[in-house]
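Can you build the whole structure from these sequences, using the hints too?
There are 2 protein chains.
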Amino acid sequence: MKLSELGERKLVELIRKWWKGDGRLEVGVGDDAAVLRMGEERLVLTTDVLFQHSHFPPGTSPEQMGWKAAVVNLSDLAAMGAEPLALLFSLALPSETDLRVFRRIMEGMERAARKYGAALAGGDLSENEEIAIAGFAVGRGRRILRRGGAKVGDALAVTGKLGRAAAGLYILTHSLPVRSYRELVRALLEPEARIREGQILAAEGATSAIDLSDGLAANLWQLARESGVRMVLERIPTHPLVERFAREGRLDATEFSLFGGEDYELLFTIPPDRVEEVRKKLRRVGRELSVIGRV
Amino acid sequence: MKLSELGERKLVELIRKWWKGDGRLEVGVGDDAAVLRMGEERLVLTTDVLFQHSHFPPGTSPEQMGWKAAVVNLSDLAAMGAEPLALLFSLALPSETDLRVFRRIMEGMERAARKYGAALAGGDLSENEEIAIAGFAVGRGRRILRRGGAKVGDALAVTGKLGRAAAGLYILTHSLPVRSYRELVRALLEPEARIREGQILAAEGATSAIDLSDGLAANLWQLARESGVRMVLERIPTHPLVERFAREGRLDATEFSLFGGEDYELLFTIPPDRVEEVRKKLRRVGRELSVIGRV
Chain C
1 MKLSELGERK LVELIRKWWK GDGRLEVGVG DDAAVLRMGE ERLVLTTDVL FQHSHFPPGT
61 SPEQMGWKAA VVNLSDLAAM GAEPLALLFS LALPSETDLR VFRRIMEGME RAARKYGAAL
121 AGGDLSENEE IAIAGFAVGR GRRILRRGGA KVGDALAVTG KLGRAAAGLY ILTHSLPVRS
181 YRELVRALLE PEARIREGQI LAAEGATSAI DLSDGLAANL WQLARESGVR MVLERIPTHP
241 LVERFAREGR LDATEFSLFG GEDYELLFTI PPDRVEEVRK KLRRVGRELS VIGRV
Chain V
1 MKLSELGERK LVELIRKWWK GDGRLEVGVG DDAAVLRMGE ERLVLTTDVL FQHSHFPPGT
61 SPEQMGWKAA VVNLSDLAAM GAEPLALLFS LALPSETDLR VFRRIMEGME RAARKYGAAL
121 AGGDLSENEE IAIAGFAVGR GRRILRRGGA KVGDALAVTG KLGRAAAGLY ILTHSLPVRS
181 YRELVRALLE PEARIREGQI LAAEGATSAI DLSDGLAANL WQLARESGVR MVLERIPTHP
241 LVERFAREGR LDATEFSLFG GEDYELLFTI PPDRVEEVRK KLRRVGRELS VIGRV
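So the sequences go chain by chain: C and V. Okay, so the first sequence: first residue is 1 according to the working numbering, each after it adds one. Okay, so the second sequence: first residue is 1 according to the working numbering, each after it adds one.
FYI, nobody ran anything at the bench for these hints, they're computed from the structure. Each residue gets a CB set at the ideal place from its N, CA and C atoms; glycine is no exception. Don't take each hint at face value.
Unchecked claim - Coverage of chain C stretches by chain V, computed from C-beta distances (three or more under 8 Å per stretch; other residues unrestricted): (1) 38 to 51; (2) 87 to 96; (3) 236 to 250; (4) 285 to 295.
To be verified - In silico DSS-like pairs for lysine-lysine, Cα to Cα no more than 27 Å straight-line: (5) C:Lys161 - C:Lys280; (6) V:Lys115 - C:Lys17; (7) V:Lys17 - C:Lys115; (8) C:Lys115 - C:Lys280.
If you want it as structure tokens, here you go:
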């Protein structure tokens, strides 16, 4: 059977079955990142690759490519509640790439590394027909958020508001004028990693978390499945600008916030009596908490 | 200017100039791996990507691809004297790849991870026209071997004998019958990482080290340059089977052992009075030491 006929879900199941695992791993395949015990510390390790044709819409600048390659990896650390330590990249570029383009990609990586407190620790450069950037992030943490810890009775919540990146992608793929919706396109091309938010969630007793890379519907399904629980979605916190954009274009805003991906906000579960404390702490770092349902 | 016009040496110089660095890094760009201080420990981090068209000669089996992708990364840890902790892979495959091929690649990775004591900690799977495997290795160590520590008066030495992988590549690219030279092809397709050897060198006072991925001539040049010293090469420890192969084919054996790459032995410098002790310890793990010159 071909990989393309299989689908990602089946594939992950197979990999789990085949994988022999390793006693030193506290968390293995199927979470946002792997966790390796190292003395008192836990190392959190993740890798994600971006390809030009599928991950960088036309108009993405080299800085934005470097930035995004860093952020998608840092976002996996955020979902584990980890503190970033280092980022590495295996970068493949067409041989005719201008040196300045390479430099600008590197600047985007450096800016993201600096913003989120990771050391840009090295990389490898090779040749490929299209731009491909494999990123690796290393973080550490004492209390780790996993996908599989949600408990019946927990509140289901997200950081921030959803749908901007998906609406931004809609604008680019339909060649719509950007006008007053620059923020939507920007959310797509320059996502942020919710690092401090993840650390707050880990410290304040969240029971599970995942980053919203594939869209609320898909990631919610994964979280529920890994935790072995049912989750009830009661409301969707669509970003107001996405509401306005959808209204003006006679589109369904829910399409963006429920099925669109790449918001990179954190979806998490937490005992209901912890919600107000977490809301307060998240507000201090400028992020809203929305309760969207329950376990 | 295009990347292809620049050459690797110039490019590394430019990256060094551009790179802002990070105070937590003890070793940054230009060594086999980056080193990050973490309490009493040092984390050693490296990434290397292999592409089918340039790194996997026709006839490479899926297991060998997975194995080699692991070993080239582990070899960078070996050159730092580090103990392997974990391996991650971002794997890109054509969509028509058979599921069994994917599984066999994974088995190769697992076998190498197990052999060298690393946890296979996760990965990412995506689609690309050709097979591309970006590996990422994490190790740790207390005493780290760098490229830049060679001192005037040190002996220059290598582990093992050289030239097998390059001779193996010659056999494959010239479609020669393999006959009694199976070992040469195997050395190319299933290289080994000199992990224990690197740890012995670090513990026994080697002053610098590099893994022989690009060939003795090129890697010797890099070691001398990073250490700011001149090195005198007095003899080349060509593998006896390479000598025989060259003699039979009326080829120059030195071409393979001096300019051919991918031996993944360790080239290192060490105070002359430590040579015999290190020779003894290396022999215990089945590896020969050859003094090949001096600093």
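Going down the list of hints, with the structure as the test:
no., hint, in the structure
1, 38 to 51, "holds (count 10)"
2, 87 to 96, "holds (count 7)"
3, 236 to 250, "violated (count 0)"
4, 285 to 295, "violated (count 0)"
5, C:Lys161 - C:Lys280, "holds (17 Å)"
6, V:Lys115 - C:Lys17, "holds (21 Å)"
7, V:Lys17 - C:Lys115, "holds (21 Å)"
8, C:Lys115 - C:Lys280, "holds (23 Å)"
Consistency note: the structure conflicts with the earlier hints numbered 3 and 4.
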